[in-house]
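S.K.: Residue numbers (numbering that gives the first Met the number 0), protein chains in the order written: chain A, 0 to 247; chain L, 0 to 100.
Hints listed in this document are in silico derivations from the structure and should not be mistaken for laboratory results.
Hints may contain errors.
[As the list claims (entries may be wrong)] Quick list of in silico lysine-lysine cross-link-like pairs, DSS-like style, CA-CA up to 30 Å:
| id | chain 1 | residue 1 | chain 2 | residue 2 |
| --- | --- | --- | --- | --- |
| 1 | A | K68 | L | K29 |
| 2 | A | K176 | A | K60 |
| 3 | A | K60 | L | K2 |
| 4 | L | K2 | A | K45 |
[Claimed, not checked] Examples of chain L residues lying across from chain A (beta carbon under 10 Å, computed):
| id | residue |
| --- | --- |
| 5 | D1 |
| 6 | K2 |
| 7 | I9 |
| 8 | I14 |
| 9 | Y32 |
| 10 | I66 |
| 11 | E67 |
| 12 | K68 |
| 13 | I91 |
| 14 | S93 |
All C-beta atoms, glycine included, are put in the ideal place defined by N, C-alpha and C.
Here is how the chains run, residue by residue.
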Amino acid sequence: MNYYKFECAGINIYYSFNYEETINFFRDYINGPYNDINGVYINLSKDYLDENRWLISENEKSNAFLEYKCLMLATGNSLLEYNRAVFHSVAVLWKDYAWIITAPSGTGKTTQIRHWKKILGKNAVIINGDKPIIEVRNDNSVWVYSSPWRGKEHAGSPGLKAPLGGIVLLQQGNSNKIQRISESDAVIPLFSEFISYPENPLQIRKQAEILNSILDSVPVWKLINLGDLDSAMLTINTLQKYLEETNG
Amino acid sequence: MDKIRIRSGIELVEIQGVHLLVADRQAREKCRYIQRINEVGASIWKLLESGATINEIEESMRSEYEIEKDYDLRSDIYGFVNSLKDNQYIVIQSNNSESNI
Numbered sequence: 000m001n002y003y004k005f006e007c008a009g010i011n012i013y014y015s016f017n018y019e020e021t022i023n024f025f026r027d028y029i030n031g032p033y034n035d036i037n038g039v040y041i042n043l044s045k046d047y048l049d050e051n052r053w054l055i056s057e058n059e060k061s062n063a064f065l066e067y068k069c070l071m072l073a074t075g076n077s078l079l080e081y082n083r084a085v086f087h088s089v090a091v092l093w094k095d096y097a098w099i100i101t102a103p104s105g106t107g108k109t110t111q112i113r114h115w116k117k118i119l120g121k122n123a124v125i126i127n128g129d130k131p132i133i134e135v136r137n138d139n140s141v142w143v144y145s146s147p148w149r150g151k152e153h154a155g156s157p158g159l160k161a162p163l164g165g166i167v168l169l170q171q172g173n174s175n176k177i178q179r180i181s182e183s184d185a186v187i188p189l190f191s192e193f194i195s196y197p198e199n200p201l202q203i204r205k206q207a208e209i210l211n212s213i214l215d216s217v218p219v220w221k222l223i224n225l226g227d228l229d230s231a232m233l234t235i236n237t238l239q240k241y242l243e244e245t246n247g
Numbered sequence: 000m001d002k003i004r005i006r007s008g009i010e011l012v013e014i015q016g017v018h019l020l021v022a023d024r025q026a027r028e029k030c031r032y033i034q035r036i037n038e039v040g041a042s043i044w045k046l047l048e049s050g051a052t053i054n055e056i057e058e059s060m061r062s063e064y065e066i067e068k069d070y071d072l073r074s075d076i077y078g079f080v081n082s083l084k085d086n087q088y089i090v091i092q093s094n095n096s097e098s099n100i
């Protein structure tokens, strides 16, 4: 059996793939093949793949793509016990911090990031364009890592990590407005964006613990927006002001 | 007597003071993934988990919270428990059949 190692936010995860082509989706993120494993091992049965066919569109026939997406789910579940989670969002590195922008699909996350790049140029680096990994460390600091699940635009930088600075919840609207929201108001929208499908109550509790720690550590803003350049500018200015206030 | 059974795979969690019922993979086939409940609802849920009857829940709530004697607490408990049933988080078994209480 061939095993491929994915160093995932400091945890070694070993995959063995059902389909040779699946490897292509993990290029830049995995090493191998190896003959044995020294870490978490994930191998999905073909029954599991069939059960989770809902993850891909009906037009998508590639079994390798299905396996890639199912591995995202299985990895998300496996990481929970290590205080890590796959989180549906985009993560950008700016001013030494990772900034997460999250919302349900189709709300304009990618558009926001394009605007950020226009405004900030090389000063903003995309850590991951769709599903970064979040780690809550023992000292309660929160770190953000890149992952192979980068979205349609394949935006992301393998090996990049940064401490989380804050989270922006996106909502479409008729004007641009940003405001900091309470931790309790952020619970449901953020809980819904974890990429996991908890198999048992223990995984549910871990997911809750991770979110609780994130909300203890970083602020959350809600951005109601038109999806234009001004909305990104408003966000960047708000975060800049926050950094100035907190860092003196 | 009606028997209230909590569906397997439902977990009550508290995050930043927000109480959520969360369904695991198997339970999600029947219930919503996340349901927010209030603090009183969370207390009732914990009592249901311990196997308490409606009478025991009422007794416990009256001792835990300051509730006027004449207040129809039982109706509130029934309302909450029936909403849990409607959302498939619990099953109420009465004379070998499922029903409201």
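S.K.: Are the hints correct? Go through all of them and say.
M.R.: Tested hints:
About 24 Å separates the Cα atoms of K68 (chain A) and K29 (chain L), which keeps this hinted pair within 30 Å; it holds. Between K176 (chain A) and K60 (chain A) the alpha-carbon distance is near 41 Å, which puts this suggested pair outside the 30 Å criterion. At roughly 47 Å between alpha-carbon atoms, K60 (chain A) and K2 (chain L) are farther apart than 30 Å, so this suggested pair is violated. At most 30 Å may separate the alpha-carbon atoms for a hinted pair to count; K2 (chain L) and K45 (chain A) exceed this at roughly 40 Å.
A hinted interface residue such as D1 (chain L) counts as satisfied when its beta carbon comes closer than 10 Å to some beta carbon of chain A; here the least separation is about 25 Å, so the hint is violated. Checking K2 (chain L) against chain A: minimum C-beta separation of about 22 Å lies over 10 Å; hint violated. Taking 10 Å as the C-beta contact cut-off toward chain A, the hint placing I9 (chain L) at the interface holds, the least distance being around 8 Å. For I14 (chain L), the interface hint holds, the least distance from its beta-carbon to any beta-carbon of chain A being 5 Å, beneath 10 Å.
The beta carbon of Y32 (chain L) comes within 8 Å of a beta carbon in chain A, closer than 10 Å, and the hint placing it at the interface holds. Hint on I66 (chain L) is violated. Least Cβ distance to chain A is approximately 25 Å, over the 10 Å limit. A distance limit of 10 Å between C-beta atoms decides the matter here; for E67 (chain L) the minimum to chain A is near 29 Å, and the interface restraint is violated. Against a cut-off of 10 Å between C-beta atoms, the interface hint on K68 (chain L) is violated, since the closest Cβ of chain A lies about 33 Å away.
The restraint placing I91 (chain L) at the interface with chain A is violated, with a minimum CB-CB distance near 22 Å, outside the 10 Å limit. Below 10 Å, beta-carbon pairs count as interface contacts, and S93 (chain L) has none with chain A, the closest being about 27 Å; its hint is therefore violated.
When each numbered hint is compared with the structure, violations occur for hints 2, 3, 4, 5, 6, 10, 11, 12, 13 and 14.
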